[in-house]
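The listed protein sequences correspond, in order, to chains A and B. Heads up: the first sequence runs through residues 1 to 328, numbered per full-length UniProt numbering. Heads up: the second sequence runs through residues 1 to 315, numbered per full-length UniProt numbering.
Hints may contain errors.
Straight-line C-alpha distance at most 30 Å; calculated DSSO-like pairs for lysine-lysine [claimed, not checked]:
| no. | chain 1 | residue 1 | chain 2 | residue 2 |
| --- | --- | --- | --- | --- |
| 1 | B | Lys226 | A | Lys273 |
| 2 | A | Lys236 | A | Lys174 |
| 3 | A | Lys298 | B | Lys131 |
| 4 | B | Lys291 | A | Lys174 |
| 5 | A | Lys236 | A | Lys298 |
| 6 | A | Lys319 | A | Lys273 |
| 7 | A | Lys298 | A | Lys276 |
| 8 | A | Lys158 | A | Lys236 |
| 9 | A | Lys298 | A | Lys273 |
| 10 | B | Lys84 | B | Lys308 |
| 11 | A | Lys174 | A | Lys189 |
| 12 | A | Lys276 | A | Lys220 |
| 13 | A | Lys158 | B | Lys291 |
| 14 | A | Lys220 | A | Lys191 |
| 15 | A | Lys174 | A | Lys158 |
| 16 | B | Lys226 | A | Lys174 |
| 17 | B | Lys131 | A | Lys276 |
| 18 | A | Lys220 | B | Lys226 |
| 19 | A | Lys236 | B | Lys84 |
| 20 | A | Lys298 | B | Lys84 |
| 21 | A | Lys236 | A | Lys220 |
Just so you know, the hints here were simulated from the structure itself, not pulled from any lab data. Bear in mind the structure is a predicted one, so any value in this text is a computation, not a measurement.
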Amino acid sequence: MTSSEPPVLPTLLMFRVRELRFHAALRERYHVLDFFTSGEPLHGFLAAAAADPDPPRALVAAGGDSVSVDAAFLDAVPSLRFVFSTGAGLDHIDLGECARRGVAVANSGTVYSTDVADHAVGMLVDVLRRVSAAERFVRRGLWPLQGDYPLGTKLGGKRVGIIGLGNIGSLMSKRLEAFGCVIHYNSRKPKESVSYRYFATVHDLASESDVLVVACALSKETRHVVNRDVLDALGKDGIVINIGRGPIIDEAELVSALAEGRIAGAGLDVFEKEPKVPAELFSMDNVVLTHHCAAFTKESRSDLRDATIGNLEAFFSGKPLLTPVLPR
Amino acid sequence: MESLGVLLLHPVNAYLEQELGRRCRLYRFWESPREEFLRAHAGAVRAVVGNANYGADAALIDALPALEIVASFSVGIDRVDLAKCRERGIRVTNTPDVLTDDVADLAVGLAIAVLRRIPQADRYVRAGLWKSRGDYTLTTRFSGKRVGIIGLGRIGQAVARRVEAFDCPVSYHQRTEQASVYPNYTYYPTVVELAANSDVLVVACPLNASTRHIVSREVMEALGPKGVLINVGRGPHVDEPEMVAALADGRLGGAGLDVFEDEPNVPEALLGMDNVVLVPHVGSGTYETRKAMADLVLGNLEAHVLSKPLLTPVV
Numbered sequence: 001m002t003s004s005e006p007p008v009l010p011t012l013l014m015f016r017v018r019e020l021r022f023h024a025a026l027r028e029r030y031h032v033l034d035f036f037t038s039g040e041p042l043h044g045f046l047a048a049a050a051a052d053p054d055p056p057r058a059l060v061a062a063g064g065d066s067v068s069v070d071a072a073f074l075d076a077v078p079s080l081r082f083v084f085s086t087g088a089g090l091d092h093i094d095l096g097e098c099a100r101r102g103v104a105v106a107n108s109g110t111v112y113s114t115d116v117a118d119h120a121v122g123m124l125v126d127v128l129r130r131v132s133a134a135e136r137f138v139r140r141g142l143w144p145l146q147g148d149y150p151l152g153t154k155l156g157g158k159r160v161g162i163i164g165l166g167n168i169g170s171l172m173s174k175r176l177e178a179f180g181c182v183i184h185y186n187s188r189k190p191k192e193s194v195s196y197r198y199f200a201t202v203h204d205l206a207s208e209s210d211v212l213v214v215a216c217a218l219s220k221e222t223r224h225v226v227n228r229d230v231l232d233a234l235g236k237d238g239i240v241i242n243i244g245r246g247p248i249i250d251e252a253e254l255v256s257a258l259a260e261g262r263i264a265g266a267g268l269d270v271f272e273k274e275p276k277v278p279a280e281l282f283s284m285d286n287v288v289l290t291h292h293c294a295a296f297t298k299e300s301r302s303d304l305r306d307a308t309i310g311n312l313e314a315f316f317s318g319k320p321l322l323t324p325v326l327p328r
Numbered sequence: 001m002e003s004l005g006v007l008l009l010h011p012v013n014a015y016l017e018q019e020l021g022r023r024c025r026l027y028r029f030w031e032s033p034r035e036e037f038l039r040a041h042a043g044a045v046r047a048v049v050g051n052a053n054y055g056a057d058a059a060l061i062d063a064l065p066a067l068e069i070v071a072s073f074s075v076g077i078d079r080v081d082l083a084k085c086r087e088r089g090i091r092v093t094n095t096p097d098v099l100t101d102d103v104a105d106l107a108v109g110l111a112i113a114v115l116r117r118i119p120q121a122d123r124y125v126r127a128g129l130w131k132s133r134g135d136y137t138l139t140t141r142f143s144g145k146r147v148g149i150i151g152l153g154r155i156g157q158a159v160a161r162r163v164e165a166f167d168c169p170v171s172y173h174q175r176t177e178q179a180s181v182y183p184n185y186t187y188y189p190t191v192v193e194l195a196a197n198s199d200v201l202v203v204a205c206p207l208n209a210s211t212r213h214i215v216s217r218e219v220m221e222a223l224g225p226k227g228v229l230i231n232v233g234r235g236p237h238v239d240e241p242e243m244v245a246a247l248a249d250g251r252l253g254g255a256g257l258d259v260f261e262d263e264p265n266v267p268e269a270l271l272g273m274d275n276v277v278l279v280p281h282v283g284s285g286t287y288e289t290r291k292a293m294a295d296l297v298l299g300n301l302e303a304h305v306l307s308k309p310l311l312t313p314v315v
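From just these sequences and the hints, can you work out the full model?
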């Protein structure tokens, strides 16, 4: 006969989940070992976790600089069998090491894609139609003094070259086609299911685009792929939109291309060394700058909670993960 | 049309002015005091070219005995006294279609800008306030928001097609429902009901006696504390003082405004608000569209002079 004890909650390692409702939802379901509230150094925290009567089999980590899931980390917590990353990027997880050890990995899948696509479209309209710049003009009281604001340029007929036609790139294409844009793209291989014109290199894509959109992941291959050569191919009427990762663009070259008028404008949500933004951009009216916020709406936060819990529940009940990265 | 005396009311577009100067007998209304000008040249003016803010009102029409045609560099002709023109047999043309896409693009761009706070983020970054990664407040998703459109004419339809690509359900109000033409859009018989069932309300109808202040206090309160008003029509479509108060109180969530009741003056209170995006009547403000509009004005004047059918007549 069993007494009515509360169920034993599986142990979960947590790095950098700050949002209160998310935190609470995880605490309801799991015995959470939270690094950032433990106050301990990483080594001590992991040792204590490994020594827990029910050592953690799963980890939830935010992206970026929250934690590096590398060989040393995995050695320190041998009970770990599943890593869930709440961020879009996976550059903080050593997928090779995880694969070697049979540690499953899942990420947030497409929870951010819609909002990033919407933000990118919003920035594109803003740069072409000078929305933020015209706003500054109005707020400074210049409309009655200086009269009409300088003209922007029409969206219809613009060739938008998307680097990376994944979820975000696809959602952007559907939206931009409704504005009359023509979609071109580059990705590792052409996609048979789309009728957009494919370009084998980013340089070729840029040379036949009016707007170049960075919508791919950061990797060894894509680091600084938008370089001087690509910017020159884009040309003096071209604009760049970056909602991928800062290091995909050679930022110094981008700044000098803008300063010298070798390209016409840019919409940037990400930068090489966030939160540092090159100061030269602050005086430019043809750029729109946002603080890496394209993914973050109440709705994507709620979708993320669902995706995290969905994947954790699947793992703990031995079912297939919802959005697995490993095993492939 | 070298003998056509054209009175340009305002320097609306450099290319248009240059072409009128080259091809017609151009008079620039702003170059001398009104009375002096009329005394000297009233009899020579056969055509008037104005725009959204400068039109041929009754007084001006009365002062121009030889006036034959008013060709407006705009699609909205609320500043032209149409009744007077009909009475005098004066033709009136506008510039529809060529600016539809630009205005619709801006309407949707403003909606995304307000909901996702893009200009606000840009201000934040430029002010050097971005000090740490992960420093953002959550905005609200644009895709899927219920979009209500007042006036499903050319511009309203163009807005509808764009927001459909964002999976936004579309509803509308206008004088008549056209269910067979728009089976996917929901019709509401009143603007208040439309507002009550929308997250984003877009003004896209012409301005006339029955649409003045169509966006009233009641409509704005129905749209509500999370609702966003987008005005790419005319300032007087909206009861502006009520809107300012509703935004300040939080009874209306936000607004994206391209037009104002007394342009170029924008209510001071709006300039300090973070939940609004304000642009200076740039709905058709692209090089491509303004040139197309100018060519349409020139084309209408030429057709008139050659006694051919006008390209885009209103009267």
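Do the hints match the structure? See the list:
1. The hinted pair formed by lysine 226 of chain B and lysine 273 of chain A fails the criterion: a straight-line CA distance of about 35 Å is larger than 30 Å.
2. Proximity of lysine 236 of chain A to lysine 174 of chain A is assessed by CA-CA distance (about 26 Å); at most 30 Å being required, the pair is judged to hold.
3. With a C-alpha separation of about 22 Å, the suggested pair lysine 298 of chain A and lysine 131 of chain B falls inside the 30 Å cut-off, and the hint holds.
4. Between lysine 291 of chain B and lysine 174 of chain A the CA atoms are separated by roughly 29 Å; this keeps the pair inside 30 Å, and the hint holds.
5. For the hint pairing lysine 236 of chain A with lysine 298 of chain A, the CA-to-CA distance comes to about 38 Å; that exceeds 30 Å, so the pair is violated.
6. For the given pair, lysine 319 of chain A sits about 40 Å from lysine 273 of chain A by alpha-carbon distance, which is inconsistent with the 30 Å threshold.
7. Only pairs whose Cα atoms come within 30 Å are accepted, and lysine 298 of chain A paired with lysine 276 of chain A is accepted, the gap being roughly 26 Å.
8. At most 30 Å may separate the alpha-carbon atoms for a hinted pair to count; lysine 158 of chain A and lysine 236 of chain A meet this at roughly 14 Å.
9. A threshold of 30 Å between alpha carbons decides the hint, and for lysine 298 of chain A with lysine 273 of chain A the separation of about 26 Å falls inside it, so the pair holds.
10. For the hint pairing lysine 84 of chain B with lysine 308 of chain B, the CA-to-CA distance comes to about 23 Å; that is within 30 Å, so the pair holds.
11. Between lysine 174 of chain A and lysine 189 of chain A, the direct Cα distance comes to roughly 20 Å. Compliance with the 30 Å bound is thereby established for this hinted pair.
12. Between the alpha carbons of lysine 276 of chain A and lysine 220 of chain A the distance comes to roughly 22 Å, so the proposed pair stays at or under 30 Å and holds.
13. Note on lysine 158 of chain A and lysine 291 of chain B: the hinted pairing holds, with a Cα-Cα distance of about 17 Å set against a maximum of 30 Å.
14. Note on lysine 220 of chain A and lysine 191 of chain A: the hinted pairing holds, with a Cα-Cα distance of about 22 Å set against a maximum of 30 Å.
15. Among the hinted pairs, lysine 174 of chain A with lysine 158 of chain A is consistent with the structure: their alpha-carbon atoms are about 14 Å apart, no more than 30 Å.
16. Between lysine 226 of chain B and lysine 174 of chain A the alpha-carbon distance is near 27 Å, which keeps this suggested pair within the 30 Å criterion.
17. Our distance criterion of 30 Å between C-alpha atoms is met by lysine 131 of chain B and lysine 276 of chain A, whose separation comes to about 8 Å.
18. Between lysine 220 of chain A and lysine 226 of chain B the CA atoms are separated by roughly 43 Å; this puts the pair beyond 30 Å, and the hint is violated.
19. Between lysine 236 of chain A and lysine 84 of chain B the CA atoms are separated by roughly 49 Å; this puts the pair beyond 30 Å, and the hint is violated.
20. For the hint linking lysine 298 of chain A to lysine 84 of chain B, the alpha-carbon distance of about 54 Å lies beyond 30 Å, and the restraint is violated.
21. For a cut-off of 30 Å, the pair hint linking lysine 236 of chain A to lysine 220 of chain A stands: about 28 Å separates their Cα positions.
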